[in-house]
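Visitor: In case you want the letters, here they are:
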Amino acid sequence: AQTVTQSQPEMSVQEAETVTLSCTYDTSESDYYLFWYKQPPSRQMILVIRQEAYKQQNATENRFSVNFQKAAKSFSLKISDSQLGDAAMYFCAYRTLNAGGTSYGKLTFGQGTILTVHP
Amino acid sequence: EAEVAQSPRYKITEKSQAVAFWCDPISGHATLYWYRQILGQGPELLVQFQDESVVDDSQLPKDRFSAERLKGVDSTLKIQPAELGDSAMYLCASSPTSGSKNNEQFFGPGTRLTVL
Numbered sequence: 497a498q499t500v501t502q503s504q505p506e507m508s509v510q511e512a513e514t515v516t517l518s519c520t521y522d523t524s525e526s527d528y529y530l531f532w533y534k535q536p537p538s539r540q541m542i543l544v545i546r547q548e549a550y551k552q553q554n555a556t557e558n559r560f561s562v563n564f565q566k567a568a569k570s571f572s573l574k575i576s577d578s579q580l581g582d583a584a585m586y587f588c589a590y591r592t593l594n595a596g597g598t599s600y601g602k603l604t605f606g607q608g609t610i611l612t613v614h615p
Numbered sequence: 005e006a007e008v009a010q011s012p013r014y015k016i017t018e019k020s021q022a023v024a025f026w027c028d029p030i031s032g033h034a035t036l037y038w039y040r041q042i043l044g045q046g047p048e049l050l051v052q053f054q055d056e057s058v059v060d061d062s063q064l065p066k067d068r069f070s071a072e073r074l075k076g077v078d079s080t081l082k083i084q085p086a087e088l089g090d091s092a093m094y095l096c097a098s099s100p101t102s103g104s105k106n107n108e109q110f111f112g113p114g115t116r117l118t119v120l
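Here the protein sequences come in this chain order: S and B. Residue numbers 497 to 615, in this note's numbering, belong to the letters of the first sequence in order. Residue numbers 5 to 120, in this note's numbering, belong to the letters of the second sequence in order.
In short, the hints are calculated from the structure, not lab data. Hints are not guaranteed to be accurate.
Claimed, not checked - Cβ-to-Cβ under 10 Å is the rule here; a few derived chain S residues that face chain B:
{"id": "1", "residue": "Y550"}
{"id": "2", "residue": "Q553"}
{"id": "3", "residue": "M585"}
{"id": "4", "residue": "G606"}
Said to hold, decoys possible - Partial chain S-side listing against chain B, Cβ under 7 Å, derived:
{"id": "5", "residue": "Y528"}
{"id": "6", "residue": "Y529"}
{"id": "7", "residue": "V544"}
{"id": "8", "residue": "I545"}
{"id": "9", "residue": "Q547"}
{"id": "10", "residue": "G601"}
{"id": "11", "residue": "K602"}
{"id": "12", "residue": "F605"}
{"id": "13", "residue": "Q607"}
{"id": "14", "residue": "G608"}
The C-beta atom is built at its ideal place from N, Cα and C for all residues, glycine as well.
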């Protein structure tokens, strides 16, 4: 079974600064997806960024980018020019690519990191 | 923009009572998921549907939980009887099986359950 670990329960950053959230995972599969989701207080979870394991190039979405280290099974999220609206719980998640298994489609989440943005 | 709908948003019940949660996925999304999120933790899958069929309910406590998606559209998750440990956020998500978004899950706002 896959596991996802987020070792930082809480992080804080000053507005306009850069912050990096860490995530490690354990899997025996070679093909999979990794995601970062954002869950603002009392609001629904939304996708921030996605990385396909077979792609060597790190994904970027505007101010959000990842550092994907497949051999180290590490998947960190960098938020540049942090904004007050970035304050939320951030979850790292893993999804298998195996369409034949019953776990296809299932997301395995880490414990989450609470990000506070100071003005 | 289409969204996943869930109701109720909040539910308070006493232990041993029955509760039910409803989810309406984004139109056309064949895959539907129910997750349970205990406060301060990440969501964990309870059950996954492909159309009206269950494809994964390995983590669903079947002695008290049931889920159905009779017409392959909306879904109901039921707990009977509720226990104190069931207090959590219940999240519904849906995803398409084709197209550029087929690897993305779209989440609803959740139902916050408190069992007294």
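Visitor: All hints are to be evaluated individually against the structure, with a verdict given for each.
Guide: Tested hints:
Below 10 Å, beta-carbon pairs count as interface contacts, and S/Y550 has none with chain B, the closest being about 13 Å; its hint is therefore violated. A hinted interface residue such as S/Q553 counts as satisfied when its beta carbon comes closer than 10 Å to some beta carbon of chain B; here the least separation is about 17 Å, so the hint is violated. Because the closest C-beta pair between S/M585 and chain B is about 9 Å apart, less than 10 Å, the hint holds. The restraint placing S/G606 at the interface with chain B holds, with a minimum CB-CB distance near 5 Å, inside the 10 Å limit.
The interface hint given for S/Y528 is broken, as the beta carbon of that residue sits about 10 Å from the closest beta carbon of chain B, more than 7 Å. Checking S/Y529 against chain B: minimum C-beta separation of about 6 Å stays under 7 Å; hint holds. The beta carbon of S/V544 comes no nearer than 11 Å to any beta carbon in chain B, farther than 7 Å, and the hint placing it at the interface is violated. Hint status for S/I545 relative to chain B: violated, with the closest Cβ pair at about 11 Å, above 7 Å.
For the restraint placing S/Q547 at the interface with chain B, the shortest Cβ-Cβ distance is roughly 11 Å, beyond the 7 Å limit, so the hint is violated. Interface restraint check for S/G601: the shortest CB-CB distance to chain B comes to about 6 Å, inside 7 Å, so the restraint holds. Taking 7 Å as the C-beta contact cut-off toward chain B, the hint placing S/K602 at the interface holds, the least distance being around 5 Å. Look at S/F605: its Cβ gets to within about 3 Å of chain B, closer than 7 Å, so that hint holds up.
Hint on S/Q607 holds. Least Cβ distance to chain B is approximately 5 Å, under the 7 Å limit. About 5 Å separates the beta-carbon of S/G608 from the nearest beta-carbon of chain B, less than 7 Å, and the hint is met.
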